[in-house]
Amino acid sequence: MAALKVGSVTSAVQSLWLIPVLPLLAAGLLAFAKQRHRVFAGTLAIVALVASFIVACGAFAATLGAHGERAVFNFTWLQFGETPLRLGWVLDPLTAVMVVMVTLVGTLIFIFSVGYMAEDENFTRFFCFLSLFAAAMLGLVIANNLLLLFVCWELVGLASYLLIGFWYHKPSAAAAAKKAFIVTRIGDIGFFIGILWLYAETGTLLLYDNGNGCLEGSALAQLVARTTIGGMVVSTAIALLIFCGAMGKSGQVPLHVWLPDAMEGPTPVSALIHAATMVAAGVFLVARVYPLMDADPANVAGHSPALCVVTWIGAITAIFAALIAVAQNDIKRILAYSTVSQLGYMMLGLGTGGVAVGIFHLITHAFFKALLFLGAGSVIHGCHHEQDIRRMGGLRRFMPLTFATYAVGMMALAGFPLFFSGFWSKDEILHSAFAWAPSRWPFYLGAAGAVLTTFYMTRQMFYVFFGHNRADEPAGHVHVHESPAIMVVPLVILAAGAVLLSIVGTPAWPWFHAYLTGHAAAVQPVAVDVILIMLLSTALVALGLGLGWWLYGRRRIERADSPDPLEALQADTFTVLRQKFWIDEAYDKTVVRLNRALCRAADWLDVFVWGGLVALVSYLAVGIAWVNRLIDEYVVNLGFDKGCGSVRWTARLLSLWQNGQVQRYLRALGVALAIFVLIFIWGCRG
Amino acid sequence: MLAWTVYLSFLGVLALMFVPGANVRGVRTIALLTALAGLVCAVAAAFGYDTKAGIQTVAKQPWIPALGISYFLAADGISLTLVLLTGIAAVVGILFSWNIEHRAKEFFAFYLALIGGVYGVFISFDLFLLFVFYELAIIPKYFLIAIWGSTNREYGAMKLVLYSFVGSALVLIGLIAAYVIAGLQTGTYTFDLLALAKVQFPEQFQYWAFPLVFVGFAVLAGLWPFHTWAPTGHVAAPTAASMLLAGVVMKLGAYGALRVAMTLFPLGLAAWRGEIAVLAVIGIVYGALVALVQRDFKFVIGYSSVSHMGFVLLGLMTLTTIGLSGAVLQMFSHGIIAGLLFAVVGRMVYDRTHTRELADLEPMGLNRAIPFAAVTFVIAGLASMGMPGFSGFIAELQVLIGAWQAFPTLAVLCGLGIIIGVAYTLRAIQKSFFSGNILEASIQRFNDSTIQRFSESASRPSNPTSTLETISIPERIGAAILIASTVIIGLYPTVLLNLIRSGFDSALMAPLVKGGPL
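Chains A and B, in that order, give the protein sequences.
Taking the working numbering as reference, the numbering of the first sequence is continuous, increasing by one, and the terminal residue is 1825.
Taking the working numbering as reference, the numbering of the second sequence is continuous, increasing by one, and the terminal residue is 520.
Simulated from the structure, these hints should not be mistaken for laboratory data.
Each hint should be verified, as a subset may be incorrect.
With a Cα cut of at most 30 Å, we get these calculated DSSO-like pairs of lysine-lysine [claimed, not checked]:
1) B/Lys107 - B/Lys200
2) B/Lys200 - B/Lys54
3) A/Lys1309 - A/Lys1173
4) A/Lys1309 - B/Lys433
5) B/Lys433 - A/Lys1173
6) B/Lys433 - A/Lys1728
7) A/Lys1781 - A/Lys1309
Just a sample of chain B residues kept apart from chain A, beta carbon distances all over 12 Å, derived [what the hints assert, rightly or not]:
8) Ser72
9) Leu294
10) Ala486
The C-beta atom is built at its ideal place from N, Cα and C for all residues, glycine as well.
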């Protein structure tokens, strides 16, 4: 029975390449489609992704009974120096669960986009880019070679760049696209150097290769055995370099600055790329190379130096971004900072609890954050492209379905107890952080972040859906409308997902955990400390909700320009948060300015120093040339000219004789003859 | 077959002599046919080449026996890769010069002469012959820039030629010294590269001869700080000449440095390797930095060439199979990508807008006026910044893996150059094509029924850029050839890598590959 199941994994891995290739084909076809082929574009992109989803479900089904069995498919791509470079893909529970999530959430967002982008003139191009993105993301997820993973990673970044800058005629969008690409590229260089180093050490970039891959025993043992700068183990150094890439892509502090700006893209893009999938790629990467992250000479599972860094960065990001989110007014920016914060939680989960803990939050977050973003998109669409929450209000009466689904998303994000998936996944993270031996602080930071999360989401709910409408329109002429069905249906499905996912991850029946780690799931008694943490996190949610209600729900917010209640309470703190701790400004003053100065210096060096040297040499040469010329003219030529002059004078004299007149010649001849005759006669006489 | 690449080019020059200059169409056709025939020869030779065969002699005749000079043409995988590049660049360059009307006959004659010289350098295995072809390639460049160039053309042309001649003077001194010393040592005076490479030159001699010959050649490859001819020369040159300059002429330098300096003087190479690698990395970072603050579109590309050629030189200094083959692949890749970039800037943009100032291009919204150019430039920019899927990625990856084994710190510094590379490319893309009309942008922002307004304003007749002529068929074909080349090599590099790797297996090149750290 087991052999049969494993066999099905190995056969499923053969067709795994179809998952990214189908959307890639769609993207390729759409690149040549005309702008007016709207229906064709939308249909093709959605059909391709649905087909991918079906293949992904097949692969997922194959892994169900395989107990964490891993199947790989490798092939030689090119001869690389002395050794062949082999690429491949891998099918294990991590891959399977990611492909299903990406294709499912992706399909829903594609459908939503048909409604959201209906009026855009570049509809076809939009779906081309979306399909390209989906293809790259799926390729990243199935890759069994770090280089292939990096290639897809870069393509994902490229698609993200194209989509953030989709409305490139907005200067802010163009700037945001550029910023996103460059900031993530900074992290990627670390990742890339990590790949180079890993290749130099192990001679392979295949992750799993029947015992010879770089994540498998022998290679890891080799990496752990050697130390590098500062006594750091090589595996830790490489793991940290790879984590740099993850930090860039997943917006971890201090490389988080691009993600909120990326909200300049169309909202479905924010939902798909900057909430549900791409930003999770960094978390996925850490999970993918977890054996490397976990490798530790002291051999204490879960406490390797690399994982400690992951934990701390995650915890700091979680609280830091949650703080900023409290003071933002743009509906999408709040969600963006919330995403940064949640990504921090995922990292915290990976660092303290392992792959299953982090990835479960990744999956649940993908559903409820996609839901929230699409809900925000629906709100923005309904309010005629208004994004400032102070100009909204009372929308629950105009957009009931959007309100209901948004509320589900909000509760899931806040971790409202028992019925929402976010509660279970966040609870698991807090629990593992609580049990983390090296320090209790990440747990405290995470717990404080949980209060803040509930607080800023409550604030947003009150601003957007409660009270009365504060748009600038005259009273009684509210133009807000509910969105069309093609936009609302995906919301409902995502909301269902956000609730139902909680079934598979409760402490009583931790099916998801068991599936990822390759154990059989079983109902198990819940430990006391788990219940205590659950009670605590319930209390935290209640605290956040209560604070939010007390500040924003108790009294109506009268006008769009009335000060924020929190601002009235704590003006200075609020300013710091509103200005996002001045991180952007700090970068502007330091990194950007330094870079500009270096550029100027190099340019100056080129124009004045190297150019000056060249000019100097050429002036020197010209100077010498002038001296030579003067010598020629007045020393050498003077004698020569004199000589020439006398020759010329003689010649002119002589030429008088040769003027071509025959008579004169004859005359001369006659004269000469006469003289000759006279001389002759005179001579003969004597 | 391979020798015909050289003969055909010069025959083409000869044929052009018999066409009346007024018959521009005939002149172009002859030039294009000549270049195409050369490309066909190059492709046939590359695909007909047996990768196990080592260096294959094409022709060997005594030329000046008294001095040991022979007419010795041969090829290995490295030569063939570069011959192939020259063939592609030659054809595409002519396609992008299709609009040349002013003295077209002379233009194409000089052009073909340059191509002939370049082909000659890549397949000469007699150093004297190689040097003759090398000089032969310099002269037409001067006229191409000085007559058909733009901005500051006399200055650019003169600077380029002076640099080239100073470089070749250094090379000549080194070669003659090697010739004499080898003659004294073995008793036979010869310029045959294969024979000279077997001679064990005294260490003291190698110590000064290597930098002389290497730097002499590398001047043309844009080695920092001898690179300043490159930006000004590229900017001054007409489109096709900049494409050739960046595409193949810079490779002459790198090829000479690899083929002559590195094979003749291995001890000198070992002594100077670290210093040159440092210069190469400075070139990578420095070129990228300068490119970031240029105001002239073509200068951005010019400096990017300096940066990318730094990877070639770094790859050469790694002395590992992977780094060396990466360097040769980077020569090919940069030739294609830089050609594409210059084609967009020089032909598609400058010939239409008559300005290259980024500030002037910014308000034009060129992406709507000439969308084909915009898409081409985005693709070229992505290829140039080392996006996976294009040839540059594979090449730079190999160079970096090699560099990691030889000089880990330098490999990390290259990362800095790559990031800045992304920054200047994106800056150029956005400023030149995607800034859009500021007025339209503000309409877009403040109006909610944006789309209708937007399309109305785009079709307004007052739009100054709507009068630009559309991208012509030859331009489209040229761009398609270059894009196809970089994508094919990017996705299936084995085609070229097998060829290149076989080049490093021969008795001449194999001793170079040492591997291991410094």
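Verification of the supplied hints:
1. For the proposed pair B/Lys107 and B/Lys200, the alpha carbon gap of about 45 Å is over 30 Å, so the pair is violated.
2. Proximity of B/Lys200 to B/Lys54 is assessed by CA-CA distance (about 21 Å); at most 30 Å being required, the pair is judged to hold.
3. Between A/Lys1309 and A/Lys1173 the CA atoms are separated by roughly 24 Å; this keeps the pair inside 30 Å, and the hint holds.
4. For the suggested pair A/Lys1309 and B/Lys433, the alpha carbons sit about 13 Å apart, so the restraint of at most 30 Å is met.
5. Note on B/Lys433 and A/Lys1173: the hinted pairing holds, with a Cα-Cα distance of about 26 Å set against a maximum of 30 Å.
6. Taking the CA atoms of B/Lys433 and A/Lys1728, the gap is about 23 Å. The hint holds against a cut of 30 Å.
7. Our distance criterion of 30 Å between C-alpha atoms is broken by A/Lys1781 and A/Lys1309, whose separation comes to about 78 Å.
8. Remark: the non-interface label on B/Ser72 is consistent with the geometry, its nearest Cβ contact in chain A lying 35 Å away (cut-off 12 Å).
9. Interface exclusion of B/Leu294 from chain A breaks down, the closest Cβ pair being 5 Å apart, not more than 12 Å.
10. Remark: the non-interface label on B/Ala486 is consistent with the geometry, its nearest Cβ contact in chain A lying 14 Å away (cut-off 12 Å).
Hint check: violations occur at hints 1, 7, 9; the rest are consistent with the structure.
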